[in-house]
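With chain A fixed as given, assemble chain B onto it according to the hints.
Okay, here's what each chain looks like letter by letter:
2 protein chains.
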Amino acid sequence: MIYFDNAATTYPKPDIVYCTMDNFYRNYGFSAGRGQYPQTVQVSKVITDTREKLKKLFNCLPHQEVVFTSSATEAINIILQGIDWSKIKNVYITHFEHNAVLRVLHQIKNININYIKTEKEVKNNKVSLSFDLENIKYQFQDNKPDLVVMTHASNVCGLVVPIEEIASLAKEYDAYVVVDCAQTAGLLNINFNKLRADHIIFAGHKTLYGPLGIAGFTVSNKSNLKPLMYGGTGVDSANMELPIEIPQKFEVGSQNTYAIAGLNASLDWIDNIGRVNIENKEKKLFYDMLSVFEQYPNITVFSSASKDKQLGILSCTFEDYQSGSIGQVLSQNNIAVRTGLHCAPEAHKFMGTSPGGTVRFSLGYFNDNNDIIKLNNIIEQICYS
Amino acid sequence: MIYFDNAATTYPKPDIVYCTMDNFYRNYGFSAGRGQYPQTVQVSKVITDTREKLKKLFNCLPHQEVVFTSSATEAINIILQGIDWSKIKNVYITHFEHNAVLRVLHQIKNININYIKTEKEVKNNKVSLSFDLENIKYQFQDNKPDLVVMTHASNVCGLVVPIEEIASLAKEYDAYVVVDCAQTAGLLNINFNKLRADHIIFAGHKTLYGPLGIAGFTVSNKSNLKPLMYGGTGVDSANMELPIEIPQKFEVGSQNTYAIAGLNASLDWIDNIGRVNIENKEKKLFYDMLSVFEQYPNITVFSSASKDKQLGILSCTFEDYQSGSIGQVLSQNNIAVRTGLHCAPEAHKFMGTSPGGTVRFSLGYFNDNNDIIKLNNIIEQICYS
Numbered sequence: 212m213i214y215f216d217n218a219a220t221t222y223p224k225p226d227i228v229y230c231t232m233d234n235f236y237r238n239y240g241f242s243a244g245r246g247q248y249p250q251t252v253q254v255s256k257v258i259t260d261t262r263e264k265l266k267k268l269f270n271c272l273p274h275q276e277v278v279f280t281s282s283a284t285e286a287i288n289i290i291l292q293g294i295d296w297s298k299i300k301n302v303y304i305t306h307f308e309h310n311a312v313l314r315v316l317h318q319i320k321n322i323n324i325n326y327i328k329t330e331k332e333v334k335n336n337k338v339s340l341s342f343d344l345e346n347i348k349y350q351f352q353d354n355k356p357d358l359v360v361m362t363h364a365s366n367v368c369g370l371v372v373p374i375e376e377i378a379s380l381a382k383e384y385d386a387y388v389v390v391d392c393a394q395t396a397g398l399l400n401i402n403f404n405k406l407r408a409d410h411i412i413f414a415g416h417k418t419l420y421g422p423l424g425i426a427g428f429t430v431s432n433k434s435n436l437k438p439l440m441y442g443g444t445g446v447d448s449a450n451m452e453l454p455i456e457i458p459q460k461f462e463v464g465s466q467n468t469y470a471i472a473g474l475n476a477s478l479d480w481i482d483n484i485g486r487v488n489i490e491n492k493e494k495k496l497f498y499d500m501l502s503v504f505e506q507y508p509n510i511t512v513f514s515s516a517s518k519d520k521q522l523g524i525l526s527c528t529f530e531d532y533q534s535g536s537i538g539q540v541l542s543q544n545n546i547a548v549r550t551g552l553h554c555a556p557e558a559h560k561f562m563g564t565s566p567g568g569t570v571r572f573s574l575g576y577f578n579d580n581n582d583i584i585k586l587n588n589i590i591e592q593i594c595y596s
Numbered sequence: 212m213i214y215f216d217n218a219a220t221t222y223p224k225p226d227i228v229y230c231t232m233d234n235f236y237r238n239y240g241f242s243a244g245r246g247q248y249p250q251t252v253q254v255s256k257v258i259t260d261t262r263e264k265l266k267k268l269f270n271c272l273p274h275q276e277v278v279f280t281s282s283a284t285e286a287i288n289i290i291l292q293g294i295d296w297s298k299i300k301n302v303y304i305t306h307f308e309h310n311a312v313l314r315v316l317h318q319i320k321n322i323n324i325n326y327i328k329t330e331k332e333v334k335n336n337k338v339s340l341s342f343d344l345e346n347i348k349y350q351f352q353d354n355k356p357d358l359v360v361m362t363h364a365s366n367v368c369g370l371v372v373p374i375e376e377i378a379s380l381a382k383e384y385d386a387y388v389v390v391d392c393a394q395t396a397g398l399l400n401i402n403f404n405k406l407r408a409d410h411i412i413f414a415g416h417k418t419l420y421g422p423l424g425i426a427g428f429t430v431s432n433k434s435n436l437k438p439l440m441y442g443g444t445g446v447d448s449a450n451m452e453l454p455i456e457i458p459q460k461f462e463v464g465s466q467n468t469y470a471i472a473g474l475n476a477s478l479d480w481i482d483n484i485g486r487v488n489i490e491n492k493e494k495k496l497f498y499d500m501l502s503v504f505e506q507y508p509n510i511t512v513f514s515s516a517s518k519d520k521q522l523g524i525l526s527c528t529f530e531d532y533q534s535g536s537i538g539q540v541l542s543q544n545n546i547a548v549r550t551g552l553h554c555a556p557e558a559h560k561f562m563g564t565s566p567g568g569t570v571r572f573s574l575g576y577f578n579d580n581n582d583i584i585k586l587n588n589i590i591e592q593i594c595y596s
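Listed in order, the protein sequences are those of chains A and B.
Start counting the first sequence at 212; every next residue gets the next number (the numbering used here).
Start counting the second sequence at 212; every next residue gets the next number (the numbering used here).
Same shape as in the complex, but just chain A (with noise of 0.2 angstroms):
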């Protein structure tokens, strides 16, 4: 199979996760710190070290201290229903967020969500994408932002979101920045130096290579959100109220610590390869697909007006075909992408491709040239036939 899902879950994940994981689980499957005996304090040190390593790796200042969760849908719900609304009116989206973002916004009452502004061209069978800075500068003076939470990158077009500056133009005004970085946290540069964000969110197990069921976001240590979830958290236990301190205050319940591992190890794996590279790679692999779809007048391409502003997703339409349809093409041929909206409608809405959506190719380190071949022959079956 060729696989070119993986912005819904990178695949396969480097041989050392699978090693680290299971050897882990079955050495040290105790529940973390819990205990007395020295074996839990390792698999603390362990979840201790993996905190270390993601801080370094988005280059979080002092005061920040990383979260874990089971997922970055609970990452977002802790974020989004638990900051303190009553002083938020105003919130700015992109279009591109996903519906982890948009489902819990939709709950929230009275308060008025607005698009980031976001220029469309359209030319021949190309539709590019980009923001205009002054713009939104524009916009942010006409209708003051309290609250932004953006996508770092867009899960069905690769777009780039230029969050560094827009959370700046954010910050004019003390709103409060959120952005999501699922697509591309261990992808692309995230750097508390420049970002002035409040949170930003990962996801183990897309283009950080680790495994499902372990995600995390960045917050204060002074910060006062609410937590979601009450519970147990082996520390200070006849206390009714949760540990004050973060992370603890946000981790209740037992850790997942294999999961844990196998992301310590995919991050020393990013590391060792070094994370400029992947990106690079990925981004070689990017526009030698394009180029495949390029050949064709009908397939319209969605993607970033910039190179630098594009991830290795590719999402495009086939005049006169379903996008469902060109997915079981594809699918018979041993190709796997994912059709439809992609978990985020206004995204399609805003490029026009709803209600159908559009066939996704997503790239991750382990595509190759011979994919991009193989690819190339069977659409060009699919375009003559």
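Since the hints were made in silico from the structure, they are not lab data.
Treat the hints with care, since some could be wrong.
Heads up, the list lumps identical chains together, so a pair's fine if it works in one copy or across two of them.
[Stated by the list, open to error] Taking lysine-lysine pairs in the DSBU-like style, the calculated list, with each CA pair at most 30 angstroms apart, reads: (1) Lys320 - Lys298; (2) Lys437 - Lys560; (3) Lys437 - Lys382; (4) Lys266 - Lys331; (5) Lys437 - Lys300; (6) Lys433 - Lys300; (7) Lys331 - Lys405; (8) Lys320 - Lys300.
Only a predicted model underlies this, so the values are computations on that prediction, with no experimental measurement involved.
Chain B only, in chain A's frame:
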């Protein structure tokens, strides 16, 4: 190491659980059901199959569905934060609830929390615990229950709660009934033909011998329980409301597929050995262990008054020693236990073991007689030193 911390998490897991997880994640590490390629269908099949096996294990009725969560704590939070509190005033809990229950209830305003009457008999160095159903019947008559939340068995001392009888008494008043089976699912018989409960909660990584990261609860497919989290479900993406279908409504974000596959394998393992055989093995080991402790007049054991209401969890205190010190000595001798309050502070208040707590020895299927013999030697050294 001799592992007596199975109430925290069972260890080791059956070898087939480790093998299945590794094999599944290497070969089927895709997003469930969200692509169109056949491999994702296979992943979805394993999820459905695991749900069916759990329904069979719990003797679920046709209208009952199994929802997967990342932890039992999440399951408890979904239920207790999601029920309609407008009609609930009188809440009954046992003295043995975990902080996952206590701390959620502590957040709910304008309710009365009542403790289900529990009998405690102190005789020599033995504290025997039990429930008198007549007393509970009168208690409910005096102060009618609106909600009953009860653990199936204490994670502190292994006392089994007569959940079927108490649920029946509570249902006389149409009370909502929630049973926390974190310590019993897969080990004790749970049968919805007799148990009049609205929900049971299970943890994959405890008595189900599956991995961390997977747990869940049962719910009627007509339930109007509110969801705790919002996000993508892979279906009906253009709709800003979550699907109303259960379990989809409660399962947002990517499913932890390899953990579910691991649980599937452990369910087969339980089925092969026979749940009753696991229960009997643990019970025999418990009474062998009890006879070790009963030799020493300076050890006080807290357990059930009745042989058929006791899990393989033994809590005790040592005269003139703090529980933590005993834990350290045991750890130095390569015996893993857990001391303190075990995230269940009310149990210790009731037993009279607050704030120091007890030393807890919790058994699993992989303990054997040799463990008890070695334990005997160490206990002898401690008590005669």
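Could you work out which of the previously given hints the structure breaks and list their numbers from low to high?
4
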